[in-house]
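So the chains spell out like this:
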Amino acid sequence: MKPKNLLYGFLLATFVSMLVPESLLAIPSFSRKYGTGCSTCHYAYPRLNPFGRAFANNGYRMPGGDDAYIKDEPVMLGSSANKQVFPNAIWPSDIPGSSVASFRLIGRTHLTSRGTPRFQFENPHEFELLMGGTLGETFSFIGEVELEGADELGYNFILQYSPRSFLNIKIGNVDPMPIRESQRLTREHYNYGDFRIRSGGWRLRDDAAGIEFWGAANGRGGRGGWQYALGVVNGMGGATDIDNNKDVYGRLDYKFGGLGKLGGISADQAIESPQFWREKSVTLGIFSYRGRQPSSTGRDDFYLVGPTVDVFYKDMNLFGTYLRQKDDNPKGNRIPVRTDTGFAELDWVAKPWLIPFVRYEMTNIDLQRNVRTTVPGLVVMMRANIRMAFDARIRSIRRTVGTDRYTFQLDWAF
Amino acid sequence: MKSLLAFIPAFLMVVSWDGASIRGTVKIPGRDNRDAVVYLENIPGTFKAPAAPIQIDQKKMVFVPHVLPVVIGTTVEFLNSDSVLHNVYTPSKAGDKFNLGTWPQGQTKKYTFTKLGEVAVLCNVHPDMEAWVVVLSNPYFAKTEASGDFVIPNVPAGNYLIKVWHKKYRAAAQQVTVPGNGDVAINFTLSK
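Protein sequence lines correspond, in order, to chains L and S.
Here my numbering is used: the first residue of the first sequence is 1, the next is one more, and so on.
Here my numbering is used: the first residue of the second sequence is 1001, the next is one more, and so on.
Some clues are possibly wrong.
As the list claims (entries may be wrong) - Below are the BS3-like pairs computed for lysine-lysine, each with C-alpha atoms no more than 30 Å apart in a straight line: (1) LYS1109(S) with LYS351(L); (2) LYS1143(S) with LYS1167(S); (3) LYS1048(S) with LYS1093(S); (4) LYS1059(S) with LYS1109(S); (5) LYS351(L) with LYS1093(S); (6) LYS1097(S) with LYS1163(S); (7) LYS1163(S) with LYS314(L); (8) LYS1192(S) with LYS1048(S); (9) LYS351(L) with LYS1163(S); (10) LYS1109(S) with LYS1192(S); (11) LYS83(L) with LYS1163(S); (12) LYS1143(S) with LYS1168(S); (13) LYS1192(S) with LYS314(L); (14) LYS1059(S) with LYS1167(S); (15) LYS1097(S) with LYS280(L); (16) LYS314(L) with LYS1109(S); (17) LYS1168(S) with LYS71(L); (18) LYS351(L) with LYS246(L); (19) LYS1167(S) with LYS351(L).
Said to hold, decoys possible - Pulled a few chain L residues facing chain S out of the computed Cβ check, cut under 8 Å: (20) GLY37; (21) SER39; (22) PHE51; (23) GLY64; (24) GLY65; (25) ALA68; (26) TYR69; (27) TYR228; (28) ALA229; (29) GLN275; (30) PHE276; (31) GLN368.
Quick caveat, the hints were computed from the structure, so don't treat them as lab data.
We put the beta carbon where it would ideally sit given N, CA and C, even for glycine.
Here chain L stands alone, though its shape is the one from the complex (with noise of 0.2 Å):
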C-alpha cells in the first residue's frame, strides 16, 4: 500500500472515531489565577457548588468584583485609558498572566456481566488538556483537548462575550442539555444524553457546536434567582453539519432560596451554608430541544420537553429531569414514535472527602421497551485534585452482552 493512503487512511480512522468530547468540566488554572483551592467552586470536581454556578454564571469571575482576588496578574493588552480614545484605538483588553495550561488524567477498571473480556484495565484510558480563563473585563474561555486511547481525538472551545449579566453570548461547542454534563459524577452517561431512537442516529449529549444567548439574575434578597439559555447548533454531532436544517433549544429555571445566581451573600444565607457544598434551595426548571435528523426515507423531525428539578438540603443534593422525546420519522416508515426518558440522582455528602451517591434511570421507547437503570456508587476525594470513583449501571433488562458494568475510575488534575 503507498505511504500516502497508509497517512490518509490512519488521518481517516482518526477522525472517524473522534471522541465526543465531555462537557467542559473543572479547571485548575482558575485555581492558580486567585490562589484558592477546588472546594471553592467544586466539591468532587467537576461538580459545582452553589459558589461555583455563580462564579460560572459571573462569566467565570468572582461575584461581587474580581479584581480584589486574582493573584496572578494579567498582562494588559493597551492600558484602560484607551477606552477614551475608542474608536481610535483598539479597545483596551488582557490576557492570564500566566500559563492557562492545565491536564486531568483518566484511568480506569472495568468488569461487565458478560462479554469478553468482562475485566479490564484501562491505564491510562484519557488525557485532557483543560484552559480557561478571562480575556478583558467581558471575554471569558473555555477549552479542552481529549487524547483518548492511541488515536481518539476531541476538542471543543466556548468563547464566551458577557457584556450584561442576562445577556451573555456563547461561541462554540455549546452545552444543549437540561442538566450540564459537567455535574455528573459518575462515569456513566445521563441516560438520556446516550439514548438515540436508531443505531448511529443523533444523541443529546453529541457534541454541539453552535451559539447560544443565556442570562440569569438573582432573585429577591439576593436569593437564588432565573436563569435562560436559547440556543441554535448544527445538530447531528460533529463540528460539520449535513444539511441546511440548524436544530434549536432553550432553557428556563428559576432558583428558590440558597445563593443567588449571580453571587451575593447575606447573613441569612451565611447562616444556611457553614460548608462549600451546602445550600437549602429548590431548582424548578424547563428545557426544550427541537431538531432534525436524517432517516432512511428522508428525514426525521423531532422534539424533546421537560422539567427539571435540582434540590439542596442540608448534606444533600436530589436533581433530576424527565423529557418527553417525539420523533416523526425515525425509522423512514412514516410512523412517530414517542420515547420518555428521565432519571432522579441523590447525592449525599457524608463528609467532605466521601460522597456516596445513587441515580436511577428510565428510558421508555415507544410504550414498548422500558429500561431501568440503577447507577449506585461512591466518590471518595482523596486529595482536592485527586479522585477515585467507583459506579454500577445495573439494569433490568440483562439479556444484552455487557448489560451490567462494574468502574473504577482513578483521576487527577492540576
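Fit chain S to the given chain L structure using the hints.
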C-alpha cells in the same frame, strides 16, 4: 537644694532604664524566615491581656496576619473583608475547637483565647485558608519578618528560657541571661 540635686540622677535611673532588649535572628535554611514567634518563659508576674481586641482579617481569601502571637486572655476579632462567605473554626484543643460560624462581608466575630498553646484557625468554606494564633503566658515575644530579625524590648533582668515557635520548623530552646540594661543577642536556626 543639694539633696534635691542628688535625687535627680537616681530618679532618672528609675524612669529611663526599664529593662534590656533581646535581639537576634531566626533562620530557616532555604526558606522564608518570617512568621516565627520568639518568646520567653518563666517570667514571674501576672500579665493582663490588652483591653481592645486584636483583629485578624479575611481578605482576598487569606487570613491577615497569618500568625498572631497573643497574651493569654486576649480577645481576637475576626473580620470578613471579602465579598464571599467565610467561616472561622479550629480543630485545636487550645482553642476548645471553637467554630464561630459563617458570615458575610463587613461582619466580625470574636473569640477570647483562655488556654496556652497554638491554635490553628481555618475556614471551612475555603479549606486552603489558614492562620495561627499562638497564645503565650506573657507579653515578652516578637514575630519575625522576612529577614528573620526580631527584637523583644523592655525585658526585666533575669535568667529565662527563650523559645521559638514556627508552624513547621523547630529549634531547641536556649537559656538567656538578661542584664539590667543593654541588649542581649541570641540567634536561632530552625530545622524540621
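Here is how each hint holds up against the structure:
In summary, the hint linking LYS1109(S) to LYS351(L) is supported, as the alpha carbons are separated by about 26 Å, within the 30 Å threshold. Between LYS1143(S) and LYS1167(S) the CA atoms are separated by roughly 12 Å; this keeps the pair inside 30 Å, and the hint holds. For the hint linking LYS1048(S) to LYS1093(S), the alpha-carbon distance of about 22 Å falls within 30 Å, and the restraint holds. Among the hinted pairs, LYS1059(S) with LYS1109(S) is consistent with the structure: their alpha-carbon atoms are about 15 Å apart, no more than 30 Å.
The hinted pair formed by LYS351(L) and LYS1093(S) meets the criterion: a straight-line CA distance of about 22 Å does not exceed 30 Å. Between LYS1097(S) and LYS1163(S) the CA atoms are separated by roughly 25 Å; this keeps the pair inside 30 Å, and the hint holds. Pair hint LYS1163(S) plus LYS314(L) does not hold up; C-alpha atoms about 45 Å apart against a cutoff of 30 Å. About 34 Å separates the Cα atoms of LYS1192(S) and LYS1048(S), which puts this hinted pair outside 30 Å; it is violated.
Taken as a hint, the LYS351(L) and LYS1163(S) pair is broken in the structure, with Cα atoms around 38 Å apart against an allowance of 30 Å. Proximity of LYS1109(S) to LYS1192(S) is assessed by CA-CA distance (about 35 Å); at most 30 Å being required, the pair is judged violated. Simply put, LYS83(L) and LYS1163(S) have alpha-carbon atoms about 57 Å apart, too far for the 30 Å limit, and the pair is violated. Taking the CA atoms of LYS1143(S) and LYS1168(S), the gap is near 15 Å; set against the 30 Å cutoff, the hint holds.
Proposed proximity of LYS1192(S) and LYS314(L) is contradicted: the alpha carbons are some 41 Å apart, above 30 Å. Proximity of LYS1059(S) to LYS1167(S) is assessed by CA-CA distance (about 21 Å); at most 30 Å being required, the pair is judged to hold. A hinted pair counts as satisfied when its Cα atoms are at most 30 Å apart, and LYS1097(S) with LYS280(L) qualifies at roughly 26 Å. For the hint linking LYS314(L) to LYS1109(S), the alpha-carbon distance of about 24 Å falls within 30 Å, and the restraint holds.
For the given pair, LYS1168(S) sits about 24 Å from LYS71(L) by alpha-carbon distance, which is consistent with the 30 Å threshold. This hinted pair does not check out: LYS351(L) and LYS246(L) have alpha carbons roughly 45 Å apart, beyond 30 Å. Distance hint between LYS1167(S) and LYS351(L) is fulfilled; the C-alpha atoms sit about 26 Å from each other, no more than 30 Å. Below 8 Å, beta-carbon pairs count as interface contacts, and GLY37(L) has one with chain S at about 4 Å; its hint therefore holds.
At about 6 Å, the closest approach between the beta carbon of SER39(L) and any beta carbon in chain S falls short of 8 Å, and the interface hint on this residue holds. About 7 Å separates the beta-carbon of PHE51(L) from the nearest beta-carbon of chain S, less than 8 Å, and the hint is met. Residue-level restraint check for GLY64(L) holds (minimum Cβ-Cβ distance to chain S is 3 Å; threshold 8 Å). A cut of 8 Å between beta carbons decides the hint on GLY65(L): the least distance to chain S is about 6 Å, and the hint holds.
With a cut of 8 Å, the hint placing ALA68(L) at the interface with chain S holds, because the nearest CB-to-CB distance is about 6 Å. At about 6 Å, the closest approach between the beta carbon of TYR69(L) and any beta carbon in chain S falls short of 8 Å, and the interface hint on this residue holds. Annotation: TYR228(L) was flagged as interfacial toward chain S, and the flag is violated, the nearest CB pair being 25 Å apart, outside 8 Å. Annotation: interface hint on ALA229(L) violated; nearest CB of chain S at approximately 25 Å, more than 8 Å.
Among the interface hints, the one on GLN275(L) holds; its C-beta lies about 6 Å from the nearest C-beta in chain S, closer than the 8 Å criterion. For the restraint placing PHE276(L) at the interface with chain S, the shortest Cβ-Cβ distance is roughly 5 Å, inside the 8 Å limit, so the hint holds. Because the smallest distance between the Cβ of GLN368(L) and any Cβ of chain S comes to about 50 Å, over 8 Å, the interface hint for this residue is violated.
Checked against the numbered hints listed earlier, the structure breaks hints 7, 8, 9, 10, 11, 13, 18, 27, 28, 31; every other hint is satisfied.
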